[in-house]
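Student: Now for the letters of each chain:
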Amino acid sequence: MAEAQRMTADADGGMTVNLGPQHPSTHGVLRLMVQLDGEYVRSCEPVIGYLHRGLEKMFEARPYRQLVPFTDRLDYLASLNCNLAISQAIERLGSVSVPERAQYIRVVLCELNRLASHLVFFGTYAQDIGATTAFLYAFREREKILDLLEAMTGARLTYNWIRPGGVPADFPDGFAEGVRAFVSAFVKELPSYDNLLTNNPIFRMRTEGVGVVSRDAAIAFGASGPMARGSGLDFDLRKTEPYEIYERLEFDVPVFNEGDCFARYRVRMEETVQSARIIEQCLRDIPPGDTMTKMPKVFKPPVGDAYSRTESPRGELSVYMRSNGSPTPERVHVRAPSFAHLSMLPCLLRGVKLADVIAILGSQDTVLGEVDR
Amino acid sequence: MTAGSAGLSPSARGPSGGAGIAGRIAAGSVVALIGLALASVGCNLVARFVEGSPLTEVVGDHPLLNALVKSFIVANFVTLHVLFLIWWERKFAGWIQARLGPKHVGWNGLAQTVADAVKLLVKEDIIPAKADARLFVIAPFLAFMPTLLTFMVLPFSATWVGYDFGLAVLFALAVSTNVSLGILAAGWGANNKYSLLGGARACAQVLAYEIPLAISILAVVAISGSLSLVDIVESQARLWNIAAHAPVMIPAFAIFLICALAELNRTPFDLPEAESELVSGFHTEYSGMRFAFFYLAEFANNFFMAGLAVTLFFGGWHGPLLAGPVWFTAKTLVIVTLIMWIRWTVPRFRVDQMMGFCWKVLVPLSLVVFCAAALWSVRVQ
Amino acid sequence: MRVLSDFVAGFAAVFRGLWVTLLNLVGRPKVTLQYPFERPKVSPRYRGLFYLPYDKEGDRLKCVGCTLCAQACPTKVITMEKLGSGKHAGVSEFTMDLGRCMFCNLCIEACPFDAIHMGPEYELASYDRNASVFTIRELAEGGAEAVKRNNATIQAALERERESGGGGGQQPLVRLSVSPGNDPGAAKP
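Protein chains in written order, with our numbering: chain F, 1 to 373; chain S, 1 to 381; chain P, 1 to 189.
Hint data in this document are derived by calculation from the structure and do not stem from the laboratory.
Even glycine gets a Cβ: it sits at the ideal position worked out from N, Cα and C.
Careful: at least some of the hints might be erroneous.
Straight line, CA to CA, 20 Å or less: simulated SDA-like cross-link-like pairs of lysine to any residue [said to hold, decoys possible]: (1) F:297 to P:113; (2) P:30 to S:108; (3) P:30 to F:192; (4) P:56 to P:124.
Okay, the calculated bits of chain P under chain F, using three or more residues with CB under 8 Å as the criterion [said to hold, decoys possible]: (5) 19-33; (6) 55-67; (7) 126-139.
Pulled out of the complex, with its shape left as it was, chain F reads as follows:
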């Protein structure tokens, strides 16, 4: 009799396992309905929407200058990059020019945030693969970035410090020196990460050849950022469609052709080096001047629309914005990279093992804040 109450197998003899919405390895509140055949995955269906706050609708009900704080909640691991995307859209809509110094500051802040985001990726990915200690080392370094950003913006996670028209304040005293010191120390720290994780044979076994995305598939699914560059697609908006002052900066775009989890991991780790390079150049070249363009009290851009494309740590984060001449936007749409990447999962996960589900999901570095919006 007790047997009748036991968990039931699926009609085809498989087993449905829910990974999430509360599960130690789903980054955020993603739910994966995984059909298992033993350890093998038959099919997988991502269920999203647990973090839906209706941000795009909220944008429509608020004046332009009040939109930025909400974007902090999109990709909360790199909120400055989201601030930048929406600020650029507003600036294009109203043809607002941004002081040069502000552009440099924006790039420094965004790249610092990219470093922080990739460090979170490094830590959580190691955790996903089962190496607990790398997580703590990554967060130790990230904490230094957060301290720097706190000195700059006053907040540790939701910065709201890139605004339409510039940045609200200049570097505080000692910030540039602090960033330089951190960046040079961080670059020296990277070999220990390689020794701890990158070269570890178990880590290599777990990631090499797992979750391979071909170049064509990456294009077809609209992959961007490290997901695309891990599949041999040389696509970085900072190079292909430079915004702010990126065209003046010298940096490489790491591209790997393998398309597996390890390639994506390496793209991100190489990107941290490039971010460090960018930050050093910006701090060297930064001109004096204002940081904010004076904006009218009630900002009413002319009728029209604007699209701003930025390269967030996760990929192409774009904002479409349409104005009808009123103080509030008529429509705002956010093109979130994680959303496009999540749509790949059902294809990627077919036939892999349960442990690979975590490895592949982790290598996408999804942030649910921007998926659900």
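Add chains S and P to chain F, keeping to what the hints say.
Tutor: Quick look at chains S and P alone, frame taken from chain F:
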């Protein structure tokens, strides 16, 4: 070990650097050695007294009394030791991860595990509604009992051994494998999909790694020519196996260590409780004292495997000056720490890679090592 | 042969990983902050609990109740009750429901009188939803006493104005002393 911790504690902060690290290691080791020496003088006296006292002779003559006293001692030793080991693991993991570890309950958090044990004791005992209650209830004990039984043959010294007989090695192997029975029962009984997967993984893993483990032990047996653990240690009186027969014993120890990690479900073989995939595997549904028993079994097993390694490769209780049990425990703790160190460094295998590694790499390698050991023993004789 | 060299390289890599953890075990300072016993030192720009600065010269709160901050707030956190008008304007009530607040700094940047700031206090969690509603008595620099004095000053000024027969409308607003303080919005050269 606790004394050694003083040298490594965060109070000794300073800039990092090559020379600083070397100095720190040296200072730490010196402090550890002095502390160990001081601590063991006391134990030494006690050990000498117990071994020579008339009480032991009276007890030793009475079979029932003997068994009772011994099992009482073993059970208490295991429990108390696990309390210490859990604290040490936390502390060690903390230091490795640039954290402090437990800090506030007792000296450097030494009583933290006691506090946690009390907490687990008073927690509500939850049996999931659709679980197989009988299996669910009995599983922690199924896991814990074999562990306790294995301590019966672990020789702390020539006389401090529960029961040594001609097949002690085989007995230890046979009994310790039964832990997987408890894990499987837990996985099935909890009626949870994560638990089931964890239980199935554990069973496959423990059974597969038993083979190279047994063969690597046989390599030792081939050289010492006995299946009795006491005899194996006695044969190392002059020189430890790992040094005396280095060409075969070092690979054998490597295989033994890897298999021990797998038997203990420790990273890189912690697939049964892989928290990133299976939440916490077979003990997902457990709470309170039943969970504590799994923990107890895990750490007691840890000590047993390390003790077995010391017995087989590192000369058991042999060592200068100090009493046998002190040496044995100290060596065992070093191996336990090594296991922890590995645990906090490496990532986790995937289930097919874990099996492939066993069958394609470890089993052939262990056979090679065993043959080499057989040839070596002929040469030695 | 390749398999063998890979095997050896793999083992070597594991040992290098062990070396990294060993170095961190003995060679690196521990970074734990023992939170309730040690507290982080927050930066001067830190965005913590709000306060309404008190103007010692004018013996009143700097806030004139212009509601610019309330208008700038994306989540409508701020409500206030104006006291007086013209050059003697002030607030008698100023309530912030911090349960909704994003600490986005927009209100502070909107204020032309530098009359609302964020302080370094960050422990704002409470067991009660209502406890996150902060009234003027909790927000004012100097607490309820300051509010009392603020109200008295403004009332007295209004009284004087009424006695002198009005006409204050032509005069410029009372020049409130503006200190740079820790205003995060103030651009530094």
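Student: Hint by hint, note whether the structure agrees.
Tutor: Taking the hints in turn, this is what the structure says about them:
Distance restraint check for residue 297 (chain F) and residue 113 (chain P): the Cα-Cα separation of roughly 16 Å lies within the 20 Å cut-off, and the hinted pair is therefore satisfied. For the suggested pair residue 30 (chain P) and residue 108 (chain S), the alpha carbons sit about 15 Å apart, so the restraint of at most 20 Å is met. Note on residue 30 (chain P) and residue 192 (chain F): the hinted pairing holds, with a Cα-Cα distance of about 17 Å set against a maximum of 20 Å. As the CA atoms of residue 56 (chain P) and residue 124 (chain P) are separated by approximately 28 Å, the hinted pair breaks the 20 Å bound.
With 6 residues bearing a CB less than 8 Å from a CB of chain F, the region 19-33 of chain P meets the requirement of three and the coverage assertion stands. Counting residues of the region 55-67 of chain P whose beta-carbon sits less than 8 Å from any beta-carbon of chain F gives 0, not enough to reach three: the coverage restraint is violated. Given as covered by chain F, the region 126-139 of chain P fails the check, having 0 residues with a CB less than 8 Å from a CB of that chain where 3 are the minimum.
Hint violations for this structure: numbers 4, 6 and 7, all remaining hints satisfied.
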